[in-house]
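Visitor: First to last, the sequence lines map onto chains A and B. No gaps in the numbering here: position 198 of the first sequence is 198 in full-length UniProt numbering, and each next residue is one more. No gaps in the numbering here: position 63 of the second sequence is 63 in full-length UniProt numbering, and each next residue is one more.
Because the hints were derived from the structure by calculation, they are not lab data. Check each hint, because a few of them may be wrong.
Claimed, not checked - Selected chain A positions facing chain B (in silico; Cβ < 7 angstroms):
| hint | residue |
| --- | --- |
| 1 | P184 |
| 2 | D399 |
| 3 | N532 |
| 4 | L572 |
| 5 | Q574 |
For every residue, glycine included, the Cβ atom is placed at its ideal position computed from N, Cα and C.
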Amino acid sequence: MKRIFLPLCLVASVAFVQSCKMKNTTSAVKGDADSKVYVAPGKYDEYYNFVSGGFNGQVSVYGLPSGRLLKLIPVFAVFPENGYGYSEETKAMLNTTNGQIPWDDQHHLDLSQTNGEQDGRWLFANANNTPRIARIDLKTFKTVEILQIPNSAGNHSSPFITENTEYVVAGTRFSVPLGAEDVPISSFKQNFHSTASFISVDKNSGNMSIAFQIVLPGMNLDLSHGGKGPSHDWFFFSSYNTEQAYTLLEVNASQKDKDYIVAVNWKKAEEYAKAGKGKKVPADYAHNTYDEGKQTATSVIEHDVLLLDPKDCPDMIYMIPCPKSPHGCDIDPSGEYIVGSGKLAALIPVFSFSKIIKAIGSKQFEGDFQGIPIIKYEAALYGEVQKPGLGPLHTEFDDKGNAYTSMFLSSEVVKWSLKDLKVLDRAPTYYSVGHLMIPGGDTRKPSGKYLVAYNKITKDRFLPTGPELAQSAQLYDISGDKMQLLLDYPTIGEPHYAQACLASLIQDKQVKYYDINKNGNEFVTMGEKKANVVRKGNRVDVYMTAIRSHLVPDNIEGVFVGDDIYFHVTNLEQDWDIPHGFAIKNNPNAELLIMPGETVTLKFTPQKQGIYPFYCTDFCSALHQEMSGYLRVSPKGSNTPLKFGTGETADTSAQK
Amino acid sequence: MKQVHLLASIVITSLLIYSCGSGSDSGSQSSSGNAAGDSSMVAPKDKTADQALTDAKGKGKFTEVKLTHPLDKAMLAKGKAVYDVKCSACHKVTGEKLVGPGWKGVTDRRKPEWIMNFVTNTDEMIDKDPAAQAMLEQCMVRMPNQHLSDEEARDVLEFMRDNDGKN
């Protein structure tokens, strides 16, 4: 007993000593943090949290405050587990003028709004690499539209919206020549442009269409946000590299003391576009839409776009000097304050919308940037937050007149007052915070309850998993004077911006299954009686049904090497959460998940003869393991007759 | 060493006892020697119990279904269409069991109310109704809730009645 007790004491004291020395969150988490994030079994989270996936090209959905992952929505990346981007119905979603691009770099999200408040209808997502904007339907959590953006590269300052979702914007991070001109890179100043695209969103259907593109000087548009209330008609983009460097930007784009916030009066732009001040130019881009009735996506290549040149459109654009390569460009809930965050600045400038309007009226300009008037810094400035921390990136707002800015270099969230620009509180993050998010924090009606910090560096936060680690997120309670760290959790991909809304806004609108009688898929099989296999040349259409726990037909013969076989699988179930999977041995394509009442098509072109089992990949019932069948692929030119069925057995003792 | 050995035996023994005893809730009081011959999975043949299942109306909103004589031709046709899309994958119109039981004679085995409750209130019926639970033990697949409307359920009932030669 004594002997055991002694080592125990040693262990305990060593642990104690170590915990005192280490600076980790164990010391940072205080009080009742655990009870604030505990969502009991069977209970729901208070918020849906939509998080960009960065390099995974997807959007993930978490519950808050628990931090539980609820879903991964494939958007710009193929998703073999459910067939997105592989099935005949969804292939077209990823079509571009450069063919199918099955991946992207997804940075920012914005939830649709009405009167500056979240309305729970759609979620917009940007693709940074191959400029695209996607719209996700929040009734099905499916990507239903993807629009390519021509005359752009690095679609970073996107997909932010105006207060009534009139427009969603795209902006060019990497200036490029318009069209496909072959020019020397060194002709950047003359030939390269950035563009700010305004994409109209249909009030009812949500369908997007490029209304106009504003042609801007060559520079890097970084982030943006729409005005609110009094600034409703305006959109604000941050910019860097107004030095117009095209090599070693790290040094050459950090020369000037100030870059600009680009203030765009989109209402004016809209008028100019209507008045015929724009120029229609040829520009090819893909517009992909998923028809929920037909359960099928189509891709249309559009051929022109309307360009607005600021030279022809006076009083449409102004430049506001902003210190040191601004990144975040965030508007407070009242619409009066515009917060620019200079990545390399030791302060945060806050601009006043009413002062900007006054300065424009009294022409308080200090020259122009390639023809665009530059408003005097002091004339636009409301004030500066002094010594906020190092490396300010992004700002969100609460419902009490406070702003929260992420500090990348000093790894902290800094809370400050919009009223007097005084720093009120600091909370460390682990580590190197990028974006942060308050539910509704970029709308007129923010919630003042939680803040999530999305960190770029994880290091020792979780059990190590080799050289590559999950990105860490941290949840803070911001309801009191001091921010309280509640929870640390790993995320998927690389989260950049995120959105969150009250669960009650969308949870009751969820589609639970598709009414089989309204299934408009061209290849639906309405009941097993209609199951069929039809050959036309070397195309074979298999009209297949799935229900617990069999497929019809489950024996198919008379197809040959090199045939294009289309398996149109209709899930006959009419119950929530009973998808069926479909997979074929050696199919290089993908597998499918077919939701109840839905039809999805998987193409298979067998390269070798043989017997190919196929089966359901989503455990659906006690007899799921039995839910399978065989496809016989005969050599090309053989005369195996077409034969298919389910449940028919033959006396085959004589058969070879 | 001896003590440890003893303890282990006790643990193992009690585990054994526990697993024997938990085989059936109602049988836990009976002597373990009898366990092998007493399987709770097989219901005792009891004619009054069978009759009770046949007379049951099930759980759901249908307490009184008015039958039409002669059969309603329009309902019958609609019922057939519903059957083709939502039911035929698992139920034959003969007595042969496919995934679920064949439909021949179903209107004799079950009350019209039971049928309509089962079709429209599937999950609660499977969880609570003795006849539905007995069927689950035989078929080993929960009948999918195919979300038939009340009207569709009634149409299907007419189709079943026709299939059973009722008029």
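Visitor: If a hint holds in the structure, say so; if it does not, say that too.
Guide: Quick rundown of the hints versus the structure:
With its C-beta approaching chain B no nearer than about 64 angstroms, A:P184 sits outside the 7 angstroms limit, and its interface hint is violated. For A:D399, the interface hint is violated, since its Cβ never comes within 7 angstroms of a Cβ in chain B; the closest pair sits about 41 angstroms apart. Proximity of A:N532 to chain B is violated relative to the hint, the smallest CB-CB distance being about 14 angstroms (cut-off 7 angstroms). A hinted interface residue such as A:L572 counts as satisfied when its beta carbon comes closer than 7 angstroms to some beta carbon of chain B; here the least separation is about 6 angstroms, so the hint holds.
At a threshold of 7 angstroms, the smallest CB-CB gap from A:Q574 to chain B is about 4 angstroms, leaving the interface hint in force.
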